[in-house]
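Student: Residue strings, one per chain:
2 protein chains.
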Amino acid sequence: MFKIFPIKNGLENVLGFYCDAVNVGMRTNSANENETSPIDGDVAFIRTQEPCDIEALFTSNTFQAAPIKHFQRYPNGFQTNFVLMNAKNANAMTGDQGIKDIDALFEKLGEKISLHNPVMSSTGVIGYRLNQEKIATAFDTFDYNGKNSDKTARAIMTTDSFKKELCFKVELENGESFHIGAICKGAGMINPAMATMLCFVTTDASIPKDDMQEVLLEATEQSFNRISVDGDTSTNDTVMLLANKKSRAYHKEAFQEALNKILFELAMMILKDGEGANKLVAFEVKGAKSIEEAQKASRALSNSLLVKTALFGEDPNWGRIASTIGASGVACDDTTLTIHYDNLLIYSNEFRELDAQREEQAYKIMKQESFKVICDLGLGEASYISYGCDLSYEYVKINAEYRT
Amino acid sequence: MFKIFPIKNGLENVLGFYCDAVNVGMRTNSANENETSPIDGDVAFIRTQEPCDIEALFTSNTFQAAPIKHFQRYPNGFQTNFVLMNAKNANAMTGDQGIKDIDALFEKLGEKISLHNPVMSSTGVIGYRLNQEKIATAFDTFDYNGKNSDKTARAIMTTDSFKKELCFKVELENGESFHIGAICKGAGMINPAMATMLCFVTTDASIPKDDMQEVLLEATEQSFNRISVDGDTSTNDTVMLLANKKSRAYHKEAFQEALNKILFELAMMILKDGEGANKLVAFEVKGAKSIEEAQKASRALSNSLLVKTALFGEDPNWGRIASTIGASGVACDDTTLTIHYDNLLIYSNEFRELDAQREEQAYKIMKQESFKVICDLGLGEASYISYGCDLSYEYVKINAEYRT
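Same order as they appear, the protein sequences are chains A and B.
For the first sequence, position 181 (counting from the first letter as 1) is numbered 1482 according to my numbering, and the numbering increases by one without interruption.
For the second sequence, position 103 (counting from the first letter as 1) is numbered 1404 according to my numbering, and the numbering increases by one without interruption.
One should not assume that every hint holds.
Just so you know, same-sequence chains aren't split out, so a pair can sit in one copy or run between any two.
Using 20 Å as the maximum straight-line C-alpha spacing, the simulated EDC-like pairs for lysine to aspartate or glutamate come out as follows [stated by the list, open to error]:
id, residue 1, residue 2
1, K1435, E1654
2, K1668, E1615
3, K1452, E1515
4, K1401, D1634
5, K1547, D1341
6, K1673, E1661
7, K1401, D1677
8, K1590, E1474
9, K1665, E1651
10, K1452, E1661
11, K1448, D1634
12, K1452, D1441
13, K1547, E1615
14, K1370, D1635
15, K1562, D1656
16, K1587, D1634
17, K1409, E1615
18, K1304, E1554
19, K1401, E1654
20, K1401, E1651
21, K1452, D1635
22, K1573, E1615
23, K1401, D1635
Just so you know, the hints here were simulated from the structure itself, not pulled from any lab data.
Isolated chain A (complex conformation):
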């Protein structure tokens, strides 16, 4: 057996990884006036002394940003010792020039520190070249042996109102242990406007290269892929796993479980930090004819403007839920459908009209910071859960005013 427990802070606990961030003046003011944690930097890095294994998942957007194209030039299974990150500029839609700019930056950085297949990750506005000179000033001031996870996590924030970092320690039965640390920013999937979620995971576990893609796919499918809100997938979305094997320990099941926990918690942090969002709602669709149909209906609910504004308005009427399922294109039948808010039945064939008492109960459930909407289609055995948030005035404000 094994034990998984959270430990304080983030990346600094993971053996052999160094990180730091500085402010080179790309971020002239804090990105979000509501932020609770001030932002120190705008350029950051994560590095290892020796090259380590790397695995990454990228956005499905056809217009992948330059850092992603740059990454993909390396041969499969490559190792790296440096990840450079920046905020305020996505380096997206910048053409070949965007890739050349990354090469030029790494040429300069190579004068300061030994590089092996360095990679970059960016977030910010689309359509502008990186400011080479400004970013390069960071190379003189980085603390290359820093363990400054807090600063690094803050440096990649955009409209985030709090930094997102986590670390889990996994202890195996034989007494060995390993760490998984992660930082994350988003925005992105719940709040398409900022266009990007980035997540960097480091581990000292001796995970074989062959396991990395599998565990990363699985953990991402259970987390970030379930908070995707709409078609506005970013040009820059990235989830990256770096493994340096500094600990001898590894146990696949334990690693998967810990990684699942980390990415799921980070995904929920993104939702809670959703621009202007106040509520976190789980949309469970069950009784569907297939997983695909359950997923389609569940995602239709978490993406629906109609449902999101009703959540914000704390309107217990189930009509918008039912209408969204009916419009989602999945097989459904109003005589087999049931809808619950948490444990409260609010719709069934026998019980269509919401009486005052149940409306009051439903209203109480909706007042909570998080709750569950459960739609049983009553047609099969398949189920799927996705997560969404409400849509508030604040969302519109943030996204109308974003850019400068």
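Got chain A; can you put chain B on it based on the hints?
Tutor: Same frame as chain A, but now just chain B:
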């Protein structure tokens, strides 16, 4: 040849159609505090003395409301002499009871006036039975020989801030003429929250029954189907064409052109009246490999929260447009793509970064009440245009507070 020209007001110009509306107390206050035209009624009708031809298009939502199911019980090609309408209650998700309630209403109405295959159309909240007693009080007070198009158009409003009625007269070369009148409400497709758009078209043209579906499909595809915003298709959406042949005149091409004009103008009225919307934007995608791809990309733009909030913020950055196209799943290439706002080139492979001068010009275009976003994918010959509006604070307010 023929002439098509608008004439004042709406349905009252069309020979042989009668309409009226009364308030039976379902609408206790005006539905929209911003409304410029006060609402008089909540129950209304359109009728003819003799049964007339009817053709209708309904929502693709699986959970079609009771009035739609009631309509569909009649055999193909049936004639009617009465359309009953109500606001404030959609009679949706009400099961068999919802259909029985309509039958019961028509039984009572039949005591007042001779009915032939009467049909009903409803808009409002989902999940409550119609109040039989309240609605039936209208049957005593209706002016059955009224020509009260204005009142009728107002009675079907929900969050609409102005009534929508139009009439065109068509004069043929032989001196004969016919009318097409229409009233409309919506809400629905641009503003999924209200869940419904209804449109009732009357004509005295001698249109053969066989032409009716064809012309209605064509005109709807060019209008209401192009302002559909997302998957939140209503349970009640209805476009209905009633033809009583009171005029001997008919000319298919002229009829189609006039009907296209009417439905397009009404669709634009819906967009302009979009809950909280300030701007009407046409999204033209051309140079696509197929019509389907052009349509997919165009609709992705008009549906995107990311794009809609940028429009509200009058942010000239084209990044969100490009990102949305890249995420839409159509074939695209950032080296062949160009983006224009009206006639201003704002993105091409050679011209990626927005300089201050062009940004200023773009900003001026975006300040207008309506403008065009033209994306040329540069990959083929197909094009498609759809229409959208911005997303403002007001939208969230209206949809969070709607119901009581």
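Student: Now look at each hint and say whether the structure bears it out.
Tutor: Hint by hint, here is what the structure shows:
Only between protomers do K1435 and E1654 lie at most 20 Å apart by alpha-carbon distance; the minimum there is 18 Å, versus 62 Å within a single protomer. For the identical chains of this complex, K1668 and E1615 are intra-copy neighbours only, at 7 Å inside a copy versus 34 Å across copies, given an alpha-carbon limit of 20 Å. Taking the shortest alpha-carbon separations for K1452 and E1515, neither the intra-copy value of 30 Å nor the inter-copy value of 64 Å comes in at or below 20 Å. When the C-alpha separation of K1401 and D1634 is checked against a cutoff of 20 Å, the pair qualifies only between copies, where the shortest distance is 19 Å, while the shortest distance within a copy is 55 Å.
In this assembly of identical chains, the alpha carbons of K1547 and D1341 never lie at most 20 Å apart, being 30 Å within a copy and 76 Å across copies at closest. Taking identical chains as interchangeable, the C-alpha atoms of K1673 and E1661 lie at most 20 Å apart only when both belong to the same chain, with a minimum of 17 Å there against 47 Å between chains. Proximity of K1401 and D1677 under a CA criterion of 20 Å is satisfied in neither setting, with 52 Å inside one chain copy and 26 Å between copies. In the homo-oligomer, the alpha carbons of K1590 and E1474 never lie at most 20 Å apart, since the shortest distance is 42 Å inside one protomer and 59 Å across protomers.
In this assembly of identical chains, the alpha carbons of K1665 and E1651 never lie at most 20 Å apart, being 23 Å within a copy and 57 Å across copies at closest. In this homomeric assembly, K1452 and E1661 never come within 20 Å of each other (Cα to Cα): the closest approach is 46 Å inside a single copy and 36 Å across copies. In the homo-oligomer, the alpha carbons of K1448 and D1634 never lie at most 20 Å apart, since the shortest distance is 56 Å inside one protomer and 41 Å across protomers. Taking the shortest Cα distances, K1452 and D1441 sit within 20 Å of each other inside one copy (17 Å), while across copies they are farther apart (74 Å).
With identical chains, the CA atoms of K1547 and E1615 are never at most 20 Å apart, being 50 Å at best within one copy and 51 Å at best between copies. In this assembly of identical chains, K1370 and D1635 lie within 20 Å of each other by CA distance solely across copies; the values are 13 Å between and 47 Å within a copy. For the homomeric pair K1562 and D1656, neither the shortest alpha-carbon distance inside one copy (40 Å) nor that between copies (45 Å) is at most 20 Å. For the homomeric pair K1587 and D1634, the shortest alpha-carbon distance inside one copy (13 Å) is at most 20 Å, but the shortest distance between copies (39 Å) is not.
For a Cα distance limit of 20 Å, the shortest separation of K1409 from E1615 qualifies neither inside one copy, at 54 Å, nor across copies, at 38 Å. In this assembly of identical chains, the alpha carbons of K1304 and E1554 lie at most 20 Å apart only when taken from the same copy (11 Å versus 76 Å across copies). Taking the shortest Cα distances, K1401 and E1654 sit within 20 Å of each other only across copies (16 Å), while inside one copy they are farther apart (63 Å). For the identical chains of this complex, K1401 and E1651 are inter-copy neighbours only, at 16 Å across copies versus 65 Å inside a copy, given an alpha-carbon limit of 20 Å.
Taking the shortest Cα distances, K1452 and D1635 never come within 20 Å of each other, neither inside one copy (52 Å) nor across copies (35 Å). With identical chains, the CA atoms of K1573 and E1615 are at most 20 Å apart within one copy only, with a shortest distance of 17 Å there and 28 Å across copies. With identical chains, the CA atoms of K1401 and D1635 are at most 20 Å apart between copies only, with a shortest distance of 16 Å across copies and 57 Å within one.
Against the hints set out earlier in the document, violations occur for numbers 3, 5, 7, 8, 9, 10, 11, 13, 15, 17, 21.
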